[in-house]
Amino acid sequence: MDIRLLHPSDIPLIQHANLENLPENYFLKYYLYHALSWPQLSFVAVDVSRPAKTPYDYPKIVGYVLAKMEEEPADGVQHGHITSLSVMRTHRRLGIAEKLMRQSQQAMVETFGARYVSLHVRVSNQAAIHLYRNTLKFETEKTEAKYYADGEDAFCMKLDLDFIKQQIKEAEGEEDEDGKKKSKKATNGSVESEDQDEGEPVGDVGRDPEADKKIKVKVGRGLGVGELVERDESKH
Amino acid sequence: MPQVLSTKEANLFRQVIRDYEEKRYRAGLKAAEQILKRNPKHGDTMSMKALIMNAQGKTEEAFNLAKEALKVDFKSHICWHVYGILYRTNKNFEEAIKAYKFALKLEPESQQIQRDLAILQVQTRDYEGYVQSRFAMLKARPQLRQNWTALAIAHHLEGNLQEAERILTTYEKSVSAVPAKTDFENSEALLYKNSIIAEQGETERALEHLEQECKKCLDRLAVMELRARYLAKLGRKEEAETAYRALIDRNPDHTDYYKRLVEVLDLTADDEAAQKAIFDEYSAKYPRSDAARRLPLDFLTGDEFRSAAKAYLTLMFNKGVPSTFANLKHLYSDSYKKETLPSLAEEYLQEVKNSNAEASSDSSKGEGAALFFLAQHYNYYMSRDLAKALEYVEKAIQLDPKSVDFQMTKARIYKHQGDIAKAAEAMDQARLLDTKDRYINTKAAKYQLRNNENEKALNTLGLFTRAETVGGPLADLIDMQAMWFLTEDGEAWQRRGNVALALKRYHTVFNIFDIWQEDQFDFHSFSLRKGQIRAYMDMIRWEDKLREHPFYFRAALDAVNLYLSMYDKPEGLNGANGNNANGDDAAEKKKAAKKAKKEAQKAEKEAAERAAKQNPNKAQKDKEEEVKKKDDDPNGVKLAETKDPLGDAMKFLEPLLQFSPKNIEGQIAGFEVYIRRKKYLLAAKCLKAAQVLDKDHPKVQELAATMQKTIGDVLESLPPKVQEVLKAEFA
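As given, the protein sequences belong to chains A and B, one line each in that order. The numbering of the first sequence is full-length UniProt numbering, which starts it at 1 and goes up by one. The numbering of the second sequence is full-length UniProt numbering, which starts it at 1 and goes up by one.
Honestly, the hints are just simulated from the structure, not real lab data. These figures come from a predicted structure and were not determined experimentally. Keep in mind that a hint or two might mislead.
Stated by the list, open to error - Label-pair restraints from in silico Cβ distances:
| no. | chain 1 | residue 1 | chain 2 | residue 2 | range |
| --- | --- | --- | --- | --- | --- |
| 1 | B | 132 | A | 123 | 37 to 43 Å |
| 2 | A | 140 | B | 285 | 32 to 38 Å |
| 3 | B | 270 | A | 57 | 28 to 34 Å |
| 4 | A | 55 | B | 160 | 40 to 46 Å |
| 5 | A | 57 | B | 654 | 35 to 41 Å |
| 6 | B | 434 | A | 57 | 45 to 51 Å |
Using N, Cα and C, we set each Cβ at its ideal position, and we do this for glycine too.
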């Protein structure tokens with residue numbers, strides 16, 4: 001098992017893992033949209049122990065976190081959002097979900113200056129809620145009624161990320177002091193050593209038509225006859 | 001002469017465009033018709049109308065009208081532009097490019113046309129054209145940074161790294177203001193430039209650039225990783241060590257960092273103790289890191305291996321980590337390790353027994369975990385003993401009859417015993433133990449498909465697909481691009497003799513790859529705006545070899561083999577392996593084929609009924625008319641009626657050979673198709689490639705014999721040049 005950044009070439013097998021595990025599914029393009037908008041934020045856990053079958057094997061994905069920055073935050077505060085997180089039930093109890101989350105949170109702060117990260121989780125998903133609340137210290141902000149397609153409610157959860165900013169500042173301070181970086185235990189210090197069965201997947205409602213529409217407009221002007229009228233589309 | 005619109009009508013025309021852009025198609029059409037009433041030969045309006053009709057799915061009418069528009073107003077760039085867009089939405093990129101170029105000739109200043117052209121050029125990998133377009137766009141608007149970056153990308157893609165770098169530098173020099181620390185576009189542009197320097201092989205300069213220019217870049221991980229890599233490459237080992245140690249501190253579960261660290265420390269491969277010390281240091285520092293504990297098992301030998309493996313297994317069993325076997329099975333290529341691991345698991349079981357400790361309340365831990373490990377061990381192909389595997393899994397199940405993992409493994413053992421029906425049943429038992437888990441649901445459905453129970457599998461999957469998708473679980477799985485399902489479902493139909501549905505599934509996989517290829521289209525401009533250039537380049541490189549993916553290979557090979565069998569036995573509906581059937585078998589298969597046909601008819605009827613039930617006048621919302629194109633062959637009946645199965649096979653075969661040339665199965669399939677099509681040189685090429693890959697492959701020897709025989713029969717009839725080549729190789 002290996003934890004690393006997501007690459008575009010991982011996406012077919014991430015989509016596969018998602019389809020295998022979760023009821024909330026997305027088109028390949030939606031994964032691409034994440035990988036090309038915020039390539040620093042999404043991570044995968046890979047099974048590195050599989051013997052290769054052909055010269056064209058792709059690493060098998062046993063867990064992933066698909067994350068983004070909120071493009072137009074309603075509260076005006078820069079923040080990240082977890083679109084989907086999943087660990088194969090065959091690969092639980094290694095803390096993979098927690099490790100993926102910590103890598104993503106770190107990058108949210110470093111690269112995009114995120115102040116907090118939010119997510120949705122099924123109210124019945126005890127294991128996942130335990131991971132967020134107890135291990136990662138998320139707080140439940142509110143309950144969103146009937147968020148999921150099957151009618152289940154979601155908890156909206158939130159984690160303030162200023163502590164990571166503090167850690168970065170401290171590390172930078174140390175660096176300035178002795179000119180050399182001391183090893184910090186910050187990002188991966190074990191918060192809880194008791195192993196949670198954290199593998200229960202969480203995910204946003206799939207194919208949110210609004211989300212899709214939003215991409216289309218933003219990505220596209222696809223057919224772009226905008227210029228046919230004297231409107232200047234090339235100023236963004 | 002084109003008709004001229006009054007002011008009022010000109011405004012109306014603008015409205016048409018806005019309606020089109022905002023997808024208010026009906027309103028747009030109405031307005032267009034209003035203009036055309038008084039100006040029936042207004043080419044631009046006709047074009048816009050055609051564009052809207054195209055968006056509504058009326059492709060043919062749209063093309064006709066657009067052609068009419070060009071007839072009345074040959075010199076309108078709008079007409080040409082629209083004509084190009086029609087081609088482009090119907091995926092004829094070549095014609096689209098031509099039309100855009102015409103439009104651009106008429107209106108050289110149009111940014112929009114230029115941009116549309118540029119995007120198509122990069123999509124079709126016409127890098128030379130792309131460089132030209134991006135150069136023109138830069139000249140028109142040099143104040144925009146993304147135009148500089150885009151030109152650099154164009155040069156980069158074309159392979160001209162120096163020019164790419166030069167363009168980026170020129171821009172940098174032209175700005176005097178220091179970019180803000182949070183200027184994301186700047187941060188990424190610097191790292192992009194750094195990657196270009198490195199790609200030129202100038203590691204020293206890349207490092208220098210990184211340390212001087214990219215220190216404050218916002219992608220911290222990238223800066224750290226690049227720096228470590230450059231230092232290692234330059235042999236600056238001490239600094240590289242520090243850099244890799246910092247990376248491990250950041251992510252102690254990335255195996256590559258450890259590997260690099262060991263490399264730069266100059267430890268000789270046989271100095272196991274020194275290597276082990278590194279990993280011990282980190283497993284003490286990061287007790288939750290699996291990599292630090294597990295990786296030493298890769299290089300340790302003898303007693304050292306034994307004691308490290310014992311410690312590792314004990315920890316994993318105590319924790320009840322279900323992936324323990326999966327994480328270690330790669331060690332089985334070493335026979336000592338293959339013997340040692342199960343004996344350690346036995347030892348563990350013995351110790352548990354002797355300790356008389358109270359059994360853990362969680363049976364997935366301790367004894368249960370060790371039994372589970374042993375069951376998987378004896379189920380694995382390198383150490384298989386299925387009777388023993390079953391014995392262990394039964395013991396585990398006794399301990400916890402409700403464990404999904406245990407039950408799942410039992411099903412797998414049955415599968416390996418060859419009892420597919422029993423395996424499917426057992427997997428469904430496992431599913432029932434946790435009906436809220438989609439993973440086990442998927443597995444159960446997969447086993448049902450292996451057992452040729454397509455309908456049952458679809459019902460199983462339907463427990464998790466979106467209820468509101470029109471067309472039910474199948475439509476949802478197709479929408480969501482569920483490759484695994486399409487392939488397994490197709491293979492099951494094929495085994496059942498239903499060629500039509502099998503072909504349908506394989507073609508659906510093929511089409512999804514087309515979609516995936518087209519998915520990059522929007523990102524050619526999007527990524528420039530987002531500024532994430534390195535990620536964009538990664539995507540381009542990946543898309544270039546998209547169809548090497550095993551998802552493509554498997555379905556395409558299935559399709560080719562099915563077409564081959566259709567060619568060989570045109571009357572039969574048998575699957576690919578349907579040769580040499582004895583009497584009973586043949587009768588059986590005939591029966592199956594008949595049944596399959598009946599089922600297909602039933603499915604077709606049901607689909608028709610469903611379609612009929614859908615109210616065509618159902619209230620349509622704003623986005624209404626974005627019609628989902630209706631599938632006029634939902635059950636593959638037309639596909640199966642082909643008169644030219646070998647010709648149809650080519651569509652699947654060509655990407656197989658192009659993108660996975662090192663896969664021997666593809667070369668074999670290629671030979672089989674080409675020899676039947678009498679393309680002897682191409683057949684010879686596939687055979688040669690297969691021989692290079694594995695000359696002892698039994699199938700390859702068979703093909704060589706076929707080749708020789710065939711050549712003997714036909715050689716005289718071939719052109720002399722071909723004769724010569726074939727003789728030299730095979731006669």
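Here's how the hints hold up against the structure:
1. The beta-carbon spacing between residue 132 of chain B and residue 123 of chain A, approximately 57 Å, falls outside the hinted interval of 37 to 43 Å.
2. Under the hint 32 to 38 Å, the C-beta atoms of residue 140 of chain A and residue 285 of chain B, about 33 Å apart, fit the expected range.
3. As the Cβ distance of residue 270 of chain B to residue 57 of chain A is approximately 30 Å, the hint placing it in 28 to 34 Å holds.
4. The given range of 40 to 46 Å is broken by residue 55 of chain A and residue 160 of chain B, whose C-beta atoms sit roughly 30 Å from each other.
5. For the pair residue 57 of chain A and residue 654 of chain B, the supplied restraint of 35 to 41 Å is violated, since their beta-carbon distance comes to about 22 Å.
6. Checked against the hint of 45 to 51 Å, the pair residue 434 of chain B and residue 57 of chain A fails, with Cβ atoms roughly 30 Å apart.
Consistency note: the structure conflicts with the earlier hints numbered 1, 4, 5 and 6.
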